[in-house]
Structures are given as C-alpha cells and as structure tokens.
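> Spelled out from the first residue to the last, the chains are:
2 protein chains.
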Amino acid sequence: MRYIVGIDVGGTNIVVGTVAEDGSEVLGVVAEPTFVEQGPDAVVARIVKLARASMAQVPGKQVAGVGIGSPGPLDTKSGVVLLTPNLGWVNMPLRDRVAGALGLAATLDNDANCAIFGEWWLGAARGSDHVVGLTVGTGIGGGIVLGGAIYHGASDIAGEIGHMTIDSTGRLCKCGNYGCLEAYASGPAIAARAVEGITAGADTTLPQYVGGDLSKITAQVVYEAAHDDDAYALEVVRETAKLLGAGVANIINIFNPQVVVICGGVTLAGDTLFVPLRSEVKRRAFKPAVDVCRILPGALPGTAGVVGAAAVFMQRTWGKV
Amino acid sequence: MRYIVGIDVGGTNIVVGTVAEDGSEVLGVVAEPTFVEQGPDAVVARIVKLARASMAQVPGKQVAGVGIGSPGPLDTKSGVVLLTPNLGWVNMPLRDRVAGALGLAATLDNDANCAIFGEWWLGAARGSDHVVGLTVGTGIGGGIVLGGAIYHGASDIAGEIGHMTIDSTGRLCKCGNYGCLEAYASGPAIAARAVEGITAGADTTLPQYVGGDLSKITAQVVYEAAHDDDAYALEVVRETAKLLGAGVANIINIFNPQVVVICGGVTLAGDTLFVPLRSEVKRRAFKPAVDVCRILPGALPGTAGVVGAAAVFMQRTWGKV
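For the record, the sequence lines run as chains A and B. Residue numbering for the first sequence follows our numbering, starting at 1 and increasing by one per position. Residue numbering for the second sequence follows our numbering, starting at 1 and increasing by one per position.
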C-alpha cells in the first residue's frame, strides 16, 4: 500500500494529512495557521514542516508523493500559483518548492477543486459521474468533477462558481464584479448582512454573543444564534439559503448533476440552511433536473481538501484514483 | 461519401438539409413553418415531407441516416421528447416516428445542443475543446461542447443556460423562475423591454416602424431602428448587451472556455451588440479566463441546427465526427 501526503493551503490555515491510496485511511492530520503576513518563504517552510510532521506519524509507510491544493488562479501543468489575492503571492512555484524540499514528486491544483474531488472520491458525492460543489468559507470556491476528473477548462480557471452573478446590479464583490454569489453568501458576507440589519434596528440577541462589539459577529456566531432560536439570526440564515439556492439552481440548470455538494463552515447551519435552500432550488430550477439531483453537505469536513489533493496526485501520476 | 439528413425542429420553423459526412457541403436546405397548432401528427408528417424533399434534391447520394434536433426536455437514449411547452408535446417518440416513416436510422438531441455542436464542427467554434454557446431567439437555449462531445449532464437536461438567474429578484420567466437571462434577453423580452420604455415616454422613432402599433415591435425592429441610429433603440440594444454580458461572464467564470458562440436573431444587431457585450464581460469576469476566450456570433446562421443534428447522428452512430 502506498500513501500520499495531501496538503490544503488556505488563507487562514494549512491542513496536511497522509492518505492511503485505496482511501481506507487518512492518517497524521496536522494543521497550523498559515500566517500569510510572514511572506511566502515562511509559508513554504511551514508547509514542509507540517508534511514532515504528518509523515512522522505514519512511520514505515511508503509515501509516493505529495498533492497540494492552493488558492488560485494557478497553472496545474507548471505547478505555479499565478496570483492569489488572499495569500499575496505572484508567480510562486509552489509545487516545485515543496517537492524539492521534501524530495518527493508533487502536483498542484486549486483548493476548491481538491475539496470537491475529495468529496467525489471518499465523501458525499462518491461515485457520481456529474458533480458540482461549492466551498463556502472566507470566499466561495467551486469545483466541477465530470466523469471522475476535475474539469479545468481551457486554462485552469474553470469552476469559479462563487463569482457567478446572481444579481446583476447587486453588491460589489472583492473580484470587482457586482452581484456575485460570494458577495452575498460567503462567511464574511453573511456576517456583513447580519450587521447591516442590526445597524438598521433589527430586534435580535446577536450583539450579546459578541459582548456588544458588532465587528466580532461572524457567520458562525449567526449560526449559533440561529441554533438558539434567535428569530433575526434565523432570518439571516434563511436569506442565505435563498441566495445560495439561486446559485445552486443555476448549477442544476447548467450542469444537470447527480450531486451538488456544499462544503465549508456554512454547513454548520445544518437543516436551518439546507431545508430552505432545497425549497428555493425547487422553485427556481427545472423539475426534471431537480428530481435527479441531491444537494448535500460535504461529508469530509476539515479533510476534503487534503483527501482531494492526494487524489489529484494519484490521478495525475498513476492515471487513476 | 455518405450523407446525413439534419432536421431542426423549432417552435416557428422546421429546417432540413442533407449534410456530407466530411462537412464539405450542406445540400437541399428546405424549410417550412412548423404550424404547431395542427398537432403532432401533422408536424411529424411535415418533417418527413421536408426530409424527402431535401433528399430529392441530392439524387444518387447515399443517405446513411437522420439527425433530429428538437426543443426539450427530451431523452436522447429513447429518442422521446418528454415535454415541450412551445410545441405542446408530451412523451412524443419523435425519433422513432421519423425513422420509421423514412426507413432510416435516426438520433434525437436538444435543438440548442445541436446548434452549438454544429458551430463546433463547422462554424465559429471549430476545433475548440471547450465551447459554450447560446441560441438567442424566442427563448434562450444553451449548448456545452467539451472535448468534442455535447455535455448532457445526468439526464439530458444540461445546458439550460438561458434559465440562469442573473437577477434573483428580477423579471418573471416563462419557466416560473425569477430573473432568468431569457426573461431579459430573448427576442420577445427585448421587444417587451423596448415597449415598456416607449409606454413610459421614451423619445424614439420605433413606433413609426410598426405603423404606431406597439404590439408589432419585435427584437428585429429594435435592431433595425438601432441600425438607423435611433438613440433609444441603441440604448435597448446596449442594455441587452449588458444583460447578455452578465450571463456570458458567468459562463466564462464557470467553464473557462476558448469560445462562447452566440447564435440566433440577436446576432443581427452586430457590433452594436457585440462591442458593449465584450466590454461588459471584461468588467465582470476573471481576467485570465476572459483573455483566453473569444466571444463570437455563430458562423452558420439558419443551418447550425441542421449541421449539428447531422453531426450528432454521426458521432452517436459511428463514434466520430
């Protein structure tokens, strides 16, 4: 049995694990904050340190290589991260720097692609031929897995589903466009919408969760208050469900997938989110496409990106997962 | 050299042609109104009559089969049109009825899929690996051609790009959803937007094109007035360009294609449409994806559907185009 080190580089955290080639186990999962502000050399050193720490937890296992998932845009062929607003990298040869330091072969792919590929291999979308997924966190990433392979498009940019316009004259997104799904339903956007309502006088217990400091309201605080039956927090979650539902309906009308998988912190809201989300999709999308599609939370919270990065290595190196 | 009869069944017209397997010629192109109101038997009889008329114009050619494109949703495997609001058909075994009457093998696919497949085979998107297209007419259809094959999704519904929400609280669409691209930028929607402005007091020569009868304003009348430099008609076309631009930007962020091809009557507006459309896409979509993508009008006006339906027959029957 061979093992692959999967590395998930995020704007906030780096997560690393060592994955068996048959998917039977994910061992030595370790994580640390990315500390982007320390610059790319420090981040690469931390990635390498974590990879070594993960492998040290599985002594005697044969490690065949390393799969890396990183925010993009990036070039999967050359292994170079072209430009990441979140990490501040430009033309960073991440794959070869990590491979060189570890003395192992490596591959590089987009972090959201890896997460959805992981969900296809071992998670919520296991074995489905037509899978589209969203990773809802600081931003909204997307991944498209068709016929058991990540769909990359002409130049590795495909899958930017979070930057689908759902309201052409709507909120300004960090990408410069107006009305992107991400501008409404990412973690920070959910928090911003909640705070806007409070500032406008909404009757809610939300401020009590953050000692009255509205700048500390995060999406997770909103889910917590919703869980405690705060009516306004529930309304914010339901509104999020409607907005995500418009995006998922678009995905269903365009891709006619068997599974839409939603990963990331937003799944913490559970049925409070998924029940109205599925209703909204039913209202918006074509019935025969809705009927064949399951809308599911990711089944590998925290490790989908690690598992998927390892699967990318396997597929690109051995031609199969 | 073998020939294939390509049949494009529309809500308004049926177009038929006989296509050489090497794509070198499209012969015997004939067309008639569909006359949907006469019922399915009459429409099938007219399709068969037109197919015979087309073949009669190419005596001595070996006709290998028939490719049919029809509005959907439909089942490509069984050759059955499941339900077409425009044609009023339910569970109509169109493929086998036409095949039986002509004594030839036949295939069935969605009309917009066929049009974009035709543009991929012999038209504006020739030879590109990642192609997404729109057919803008009475409705807005879509087709996705990846790696030289139509992308059908899990149950032949994929590609309903016209029913992508671009304004989640926007105009009601015939499909029941709010804010679909089709509700803004189909031919009838363009005409409706123009008339709304006139009713609201817009200063325009448009009524003069239709003898003062606003109900006679069509999208084509708007393009004609725009061509004659009517400022209001130009504004309606530019607004259409912005709306289509939002849709095309979504396509580019999601699919990262080499070509987006736009077919149908709307291309009559020419640069008046395409110049602001391309600007809008640049403003909205990711630069590295925009940089690799050409946005082109269809190169086979009137016959893309016929050519593509024939190509579907070839691919499904012989495994190649």
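Among these hints, one or two may not hold up.
A pair holds if it fits inside one copy or across any two, identical chains being indistinguishable in the list.
Stated by the list, open to error - Only pairs whose alpha carbons sit at most 20 Å apart, straight line, appear in this in silico SDA-like list of lysine to any residue:
id	residue 1	residue 2
1	K49	A99
2	K242	G176
3	K242	Y178
4	K77	G170
5	K77	A45
6	K282	L214
7	K287	L172
In short, the hints are calculated from the structure, not lab data. Keep in mind that this is a model prediction, so the values were computed, not measured.
> Look at each hint and say if it fits the structure.
Against the structure, the hints come out as follows:
For the homomeric pair K49 and A99, the shortest alpha-carbon distance inside one copy (13 Å) is at most 20 Å, but the shortest distance between copies (66 Å) is not. Taking the shortest Cα distances, K242 and G176 sit within 20 Å of each other only across copies (16 Å), while inside one copy they are farther apart (23 Å). In this assembly of identical chains, the alpha carbons of K242 and Y178 lie at most 20 Å apart whether taken from the same copy (18 Å) or from different copies (12 Å). In this homomeric assembly, K77 and G170 never come within 20 Å of each other (Cα to Cα): the closest approach is 36 Å inside a single copy and 41 Å across copies.
Taking identical chains as interchangeable, the C-alpha atoms of K77 and A45 are never at most 20 Å apart, the minima being 23 Å within one chain and 54 Å between chains. In this homomeric assembly, K282 and L214 never come within 20 Å of each other (Cα to Cα): the closest approach is 35 Å inside a single copy and 36 Å across copies. In this assembly of identical chains, the alpha carbons of K287 and L172 lie at most 20 Å apart only when taken from different copies (17 Å versus 32 Å within one copy).
Consistency with the previously given hints fails for numbers 4, 5, 6, ordered from lowest to highest.
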